[in-house]
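Visitor: Now for the letters of each chain:
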Amino acid sequence: MSTTTVGGPRAGGADRARRWHRARRSLHGVSFVLPNFLGFGLLTLGPVVALFAISFTNWNVFGKAKWVGLDNFTRLLKDTSFHRALLNTLYYSALHIPLTFALSLGLALLLDRKLRGVAFFRTAAFFPYVTSIVAIAIAWNLLFSKDFGPINQVLGFFGVADPPGWTASSSWSMPAVIIVGVWREMGYYMLLFLAGLQTVPPELHEAARIDGANAWQRFRNVTLPCLRPTTFFVTVMLTIGSFKVFDLILVMTDGGPGQSTLVLSQYIYQKGLVENRFGYASAISVVLFALCMVVTAVQFAVNRRRNG
Amino acid sequence: MQRSRYSVLAASLAALSLVATACGSDDPADAGGPVTLSMSAWTLSSTPEFQKLADAFHAQNPDIKVEFKEYDATNYDTQLTADLAAGSAPDVYVLKNLKNFVTYQSGDQLLDVSDVASSLGSSANGLANYKAEGVTYAVPYRQDSWYLYYNKDLFAKAGVQPPAATWTWADYEKAAEGLAKGLKDSGSPAKAAYQHVWQSTVQGLALAQTQGADLISGDYGYLAPYYKRALQLQQSGAQVDYGTASTNTLQYQAQFGTQQAAMMVMGSWYVATLVAQQKSGAAQAFQWGFAPAPQRDASTKDKPVTFGDPTGLGINAAIDEAKIAAAKKFLAFAAGEGGAAALASIGVTPATLTDTVTGAYFGVAGVPTDELSRFAFTNHDTKAENPVSPHTAAVQNVLRETHSAIMSGSSPVEAALDEAGKRVRSEVLQSK
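Taken in order, these protein sequences are the chains called H and G.
Per this note's numbering, residue 1 is the first one in the first sequence, and the count goes up by one each step.
Per this note's numbering, residue 1001 is the first one in the second sequence, and the count goes up by one each step.
Just so you know, these hints were derived from the structure itself, not from any lab.
Predicted model, so just to flag it, every value in this text is computed and none were measured.
Don't take each hint at face value.
[Unchecked claim] Here are some, though not all, of the chain H residues that point toward chain G, as calculated from beta-carbon distances under 8 Å:
#1 Asp79
#2 Ala168
#3 Gly255
[To be verified] Beta-carbon label-pair distances, calculated as ranges:
#4 H:Leu142 with G:Gln1278: 45 to 51 Å
#5 G:Pro1048 with H:Pro229: 58 to 64 Å
#6 G:Gln1278 with H:Ile133: 33 to 39 Å
#7 G:Thr1047 with H:Leu38: 36 to 42 Å
#8 G:Gly1237 with H:Ser171: 21 to 27 Å
#9 G:Val1388 with H:Gly106: 53 to 59 Å
[Stated by the list, open to error] Derived EDC-like pairs: lysine to aspartate or glutamate, alpha-carbon spacing no greater than 16 Å straight-line:
#10 H:Lys64 with G:Asp1108
#11 G:Lys1184 with G:Asp1153
#12 G:Lys1152 with G:Asp1370
#13 G:Lys1228 with G:Glu1414
#14 H:Lys78 with G:Asp1063
Where is the CB? At the ideal position from N, CA and C, for every residue including glycine.
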């Protein structure tokens, strides 16, 4: 009884102290993550939510937006330029993703050895990724120049009588942009693959070698399975990056000649920032977002099935 | 004690509010004293017209000062639109082109300046473009027009007669052929002409010079003869082809300024640029002049038809009310003879042209003073490249893509123009 009487307030005080201590620790934790969450909420989540809302309006940046329901989306169904931009985006992605994947993996395998000057070659391969996109576009445009460009001169040396017009030709402009895109990004993905290759246990290779597996068999049955988390990450990032391609095309070809290199991101830019049709531009952004989500979801599902 | 604490707090707040009020009343406009207006501008280091206007105005109105907010020249409209939407745009802003006037006007971002416009009378060229539903929302201070620039030395070298005020496009083509041959024979590497990659170089003149042509019609057959001529000239080698000019990012200033082309159709702003570049050494020293843009036929020889957009000044609808009078005063000055004379004195083509202004323009050292250049400067009918319409920006986008398709040889002329018409009708004219 006396224990209860004496100990009660003490126990209550200890509880309060513990609760206060816990709350203080939580507050400390929250205070550390809050700036990041606030930044994310204000600069990422807010605009994304606003984007969805604006896509159902005819907002032109000034004044009030008028709710137009699904008008923007139904208009997209009939918009031939949007269809062209969508097809071009898929065209770019269909070539850019596998080419970048294969070349960056090949480069990583090549530079994963103990070679003399390997650090220099790794840096050289990564260098385009950190170079200004404008400088890259200007330099490659000069290389692609139809009459004076070194590329066509080399092709001429090898007997190509009618070399392509590259960025000045509607059929060759997209391949030209893809070549530059692959060249620019393969260094970055090479680094990711290099990091992945470090995680492959050498003893597995050793065991396979003892079992008589040749280089291709070791790559196919040891390296690739061990690299699965990296290849999955690279594929997802490459896919999203390819669907969003913008700056390179804007500077190299500005979507032309004609609409031969017009992609979805540039179409969004045109409708939004050039024509001030932010409602319509938002609707196109929603479609691009949905496209990225669907493809990424499929990639996740396939990956889960493989791992399972 | 409690009470005295509250008293101290109240006194502190009162003192603070007094200080704040004092700071607020520091705005000279409230007191009728000196006023500082903010104004948009771009690349101040190489575009002296803004400072010139501000200085000339301040000299006449010592109580009003104009300070600049600098924007990126290429992304001017995007950045200004963002600032207007955010409420942080300057008091007075430049309407860099007519294409976006509707956006600002229909978005209630411009103040009614009809009173300023009526004080200018009919002397300011391009004023009518800024009128909507009977109200004027901006006034022009510059009115550029496109001329034919020619290199007198290269014409003499090729043995070709220099341009005349009565030149038609047929004369231009004939001269281009003669120049191409003459320059080659004389061992000069220069081309007969340079046509820059912009859509304006073909479409602006076609729209201005073709009777009944309408940018918003969705019918672009009127562009065909102009495109066929341009393609023919590049196929014959008389001018650099579009692919080379775009992939090599050729600069028109360098093409004409370093004598790589004997003729070039370009806007009147290039006069001031070439004069400055010859002075600084960025362009070579040679004899040059400018003539009216070649005409479709001889019927317009007395008043050659060309194109060009005015550059206007408007007042931000969100301006502090106390500054409105000063801002209107500045607009009246900039678009009137005072501003025009100041601009002309640095080789910029103002919207208001009077004898005094013309005198000031041709008094600039380096500006060609021959009869033909004077005729081109003073006598022309300038049509707008971007007629004011809510559809203009979108139509220009479609026509920009059409231009690159035709000039690169990716699409035959008629097919590309048909396609442009279809796209404009379905994507632009039917859109909300």
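Visitor: Hints numbered earlier in the text: which of these fail when held up against the supplied structure?
Guide: 4 and 14
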